[in-house]
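Start from the sequences and build out the full structure, keeping to the hints where you can.
2 protein chains.
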Amino acid sequence: MMQTPSFTPLAVVELVSDTKEEAIAWLLSRIRDPQQNGGAELLVEQLGPGVGSQEKENPNLFLVGASRQRLLSGAEDVGLFKEFSDGSMRAFTCANKNNFKDFQGDGDDFFSMAECQYIIKHELDTLRAKDETHVPGYTQVKLYPGKSIIRRLQSKGIMIQMFPIHEKEELKRLSFSWYKKVKLSFQPLDAIRHYYGEGQAFYFGFLEYFTIALLPMALIGVPYYLFDWEDYDKYVVFAVFNLIWCTVILELWKRCSASLAYRWGTLSRKKAFEEPRPGFHGILGFNPVTGREEPLYPNAKRQLRIYLVSLPFVLLCLYLSLYVMMIYFLMEGWALSVHDEEPTFWTGILLFIPSVIYAVVIEIMNLIYRYAAEFLTEWENHRLESSYQNHLVLKVLVFNFFNCFASLFYIAFVMQDMVLLRQSLATLLITSQVLNQFMEAFLPYWLQRRRNKKMIRKVQKRTTLEDKELPLAEQVRLEADMSTYLGTFDDYLEQFLLFGYVSLFSCVYPLAAVLVVLNNITEVYSDAFKMCRVFKRPFSDPAANIGVWQLAFEAMSVIAVVTNFALIGMSPQVRAYFPDSETQLILWTVAAEHGLLAIKFILAFLIPDVPKHIQIKLARLEFESLEALKKKRQPYGG
Amino acid sequence: MMQTPSFTPLAVVELVSDTKEEAIAWLLSRIRDPQQNGGAELLVEQLGPGVGSQEKENPNLFLVGASRQRLLSGAEDVGLFKEFSDGSMRAFTCANKNNFKDFQGDGDDFFSMAECQYIIKHELDTLRAKDETHVPGYTQVKLYPGKSIIRRLQSKGIMIQMFPIHEKEELKRLSFSWYKKVKLSFQPLDAIRHYYGEGQAFYFGFLEYFTIALLPMALIGVPYYLFDWEDYDKYVVFAVFNLIWCTVILELWKRCSASLAYRWGTLSRKKAFEEPRPGFHGILGFNPVTGREEPLYPNAKRQLRIYLVSLPFVLLCLYLSLYVMMIYFLMEGWALSVHDEEPTFWTGILLFIPSVIYAVVIEIMNLIYRYAAEFLTEWENHRLESSYQNHLVLKVLVFNFFNCFASLFYIAFVMQDMVLLRQSLATLLITSQVLNQFMEAFLPYWLQRRRNKKMIRKVQKRTTLEDKELPLAEQVRLEADMSTYLGTFDDYLEQFLLFGYVSLFSCVYPLAAVLVVLNNITEVYSDAFKMCRVFKRPFSDPAANIGVWQLAFEAMSVIAVVTNFALIGMSPQVRAYFPDSETQLILWTVAAEHGLLAIKFILAFLIPDVPKHIQIKLARLEFESLEALKKKRQPYGG
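These protein sequence lines map, in sequence, to chains A and B. Residues 4 to 641 in this note's numbering are what the first sequence spells out, letter by letter. Residues 4 to 641 in this note's numbering are what the second sequence spells out, letter by letter.
Just so you know, the hints here were simulated from the structure itself, not pulled from any lab data.
Which copy is meant is left open, so a pair is good if it fits within one copy or across any two.
In silico EDC-like cross-links for lysine to aspartate or glutamate, where the CA-CA straight-line distance does not exceed 20 Å: (1) Lys-539 <-> Glu-170; (2) Lys-150 <-> Glu-630; (3) Lys-615 <-> Asp-89; (4) Lys-615 <-> Glu-278; (5) Lys-150 <-> Glu-625; (6) Lys-615 <-> Glu-277; (7) Lys-133 <-> Glu-630; (8) Lys-150 <-> Glu-627; (9) Lys-620 <-> Glu-296; (10) Lys-620 <-> Glu-278; (11) Lys-615 <-> Glu-388; (12) Lys-171 <-> Asp-193; (13) Lys-620 <-> Glu-297; (14) Lys-620 <-> Glu-277; (15) Lys-100 <-> Glu-627; (16) Lys-150 <-> Glu-277; (17) Lys-183 <-> Glu-173.
Treat the numbers as computed from the prediction; the structure is a model and nothing was measured.
Here is the structure:
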């Protein structure tokens, strides 16, 4: 019954269960074909049926692997950076392989499994159609010379998914050093990068950095809360410290991120040429860059869709969110009037109910909007994945910012009720944290656990397992059923909103930083757990920084300067300094605000984005390549 | 008596007249030595004595040229971009030379003279010491293996200068199409670039663009002045238009600049490795980047010099400038009191005298400060020319901004006297324009003309010249005596200050744009004239944009938003809208200001810096080089 593949399986390709035989045969032969015939030259085998297989099991699961030689040449294709013998990071080349640090013998353990899987993914993605006009067996699924076969199969629904498989032993080691140990320590970022790739490691690195960076704010915030310093003089100091601190930590993160990227070899890596994303469609034409025939979609049409449909939709959603907010204030007013009429313990609790309900509604609206935004951005038909991501992030950020903070802005600047502001801020922050932790990790884990147990029980029914390890076939089927990890988007978004809670109104609720630090400490564990146990392993992606999120966090810190100074200007203690003239008060507040904004920009300008020692290392590499080039150009040179 | 060199002379090297014979012989042999022996492989000859040479003439002028073959390989060394046969710009390589567009036969006219001179300069600059320990004849002038000989000679005062020579015929053609024609037309930017290089062409391109971009503001400003619309409602519209227009023109200039840089092949050109600037000194150590032995200067020491000496000095100068401003206001008050006592025609003129004197004093202070700033920045001992330039620009910008605009800020926001503001603005602007044009072009021209005539008379005394052309020896000596063009710094600085006059207080003096447009039209002619007739020809420098000035102009446009909204908020007409509450007025003004700042940043973000069609061309080049790399990597590929 059992069947072991003749090679180390790295990734799995799943086709729909009723795929036509000729399509399968054609795809496998294209994957196996040598490169000079335009194939991917990879190893591929059908996964055997599981123990106690049933009719409903999908037979079309294929294990993909590669020979050692193929992986080496693939690493060159993707431009993988590895550590050189002199400790610098360089693009791997086969010709130079023996000069790389850990290259021994045939280079058996030279690449990590995540790197091998990334290479496999790249080679499958760039497997291109030759002279086929359509997928065999599917005359309606057209193919064009030079276009990616895999993307075509994916967008036409013939291929369900392609995912890398877990490595049981290493995962155990990683999860032990990551979240299973008791004592508090730094995360094993290098091990995370080794197993999940740079994109994941950057998220966890940022999460850890951000949490540690918030500690001073949290520590300073505690006495304010404990001793109930209602004194705004002190709040002003606290707010100014917070604002400058936010700028400094964001700038220092850039340096930290550059160090990590250098260590992981993604800092000076050139971006490969971007292929159109799967799902992009249009009229056949010639790409002006590559000169190849491919679908083109006029930019003007996309702009029309963005400005005539997406933009009004987003505005409508913002309006809806305002409407919900007004309902919340009605509820709030009603609860208050009930409490005022007959104040009991229960009406005291009733006071918090509207905020909790509103927080839950906000989360639900965010979730629904998220789907709508994905649908709309998909419909805008962006050619590149990066452009799709940017438009999606922009849409989601604007709405989430509005949805989460609109009520706070209303309370702060229209109602000018600082007590209510503090109370709302606390309720929103705590409710959204609890909801998030639940939705994000425990719910999927519980679902996964049920599925897992069922599978183990099923296997145990048929065979007696010595150890509790599942055989490969079952393991792969189990992983294929796991939820797909959709990238770090939601995790960053959560941190972005938390950052908003900390920074926007820091001068009225100093405890926010404490709550966020506590949340993030559990977040590290729940996110780590989620990555290791709940989701399918994701393909690693070679990131050099946290991308557009750096910009989003910086924008938030600029908005925070404005809101905090407005709050300070409104405080009775500051007003007391200008008893005669409100004008003077406002002018001084505005002047101070402009001054702080100027300081922010000067700080951002003065702090170099890349640490000096890394700059020197990069300059040395560049100098050496220039020298090498010069030598090559002077064949008659001494 | 006459002596013609055996090659086309491109540049001139001038040594001090009492240079030791062995040093000259050594230098010439190093310049002539073939490259495999570490020489520059250039042609060099001593310039013969002029007609009627006298004792006091410096004999140590050397003409430098190069063989055609040497120029081709030199072009490869400097990474020169030329037009390829398919119309794209590519780095020139000898192996590929026949695929470049205008390469015919031996490539005689392939490079422009400016390009040849740039190559010569690069080859001379990178002529490095081998095993010499000191310059022959000068035991105190040490040499270190691998360091530039020319820079050493320059910083030790043995070499006076090195300059490219003019090309009489082409200069005549250029000056005719540039400033000698009567009808108004665009400048021949490509011809300017051909003769002077990209740096110069960018300045003139920017000057022209800026002047044309100011036209709408000037046109709208005229009726405001003519019909004396004292109406602030209209000024508000005018100011908002101005502010958005400033942002838009700066953003569009980036696109325009990218187009020019693409056309001239400097856009995707990689920066060569930067050598230490001449004059940089320190203790001998090992450069962490190149590993070569060279003088090192600890960064901490430089920082101490910057923060403990330069910064206090700049602050002292700013204080002095404030002090002078206060004297100006005293004079102004005195003139006003005289006029009030006994108003006659002469006292009416007296009213303008303080402003004129102040404007002259400002220009003188700027000039003196400029020298002080150069001295200080030199003393800070920056290793790289770029770092030196940045520190110099920053110092000079801050002081000039302060010096020119402090009085206007004082009048606008402390005295709140709009009539005086308008009058001061007009006087300062007009006086500084007149002074500038005089100091910049006519004074040096007059001095040069005198020298020129003397030389012609001297030559005519000895020989009878058929045509009025000077023989080469005289021509070179004449050019060696011309003033050295110190780069585009002062020209950009002038435009920067003019931009300040236009944008900072645009809502009180709409005529400023008209004056600046008129000034710039004459500026084009006087600058062109100055380049062609007054100054030594400068070496071309391959710029890809206007560098740090883009940032300076953008910073000015941000400051302009703040000042204009403050002026609008102070205007009686706007105040009339909020009769009850000054607070409301200020809050609305601040809100509008923040809104406009946000719009500025969003606009800057939305308008792509490189036009679409150039992005496509760059992407195509990159795609092709990736494909070529792939083919090279797959020797067994089909």
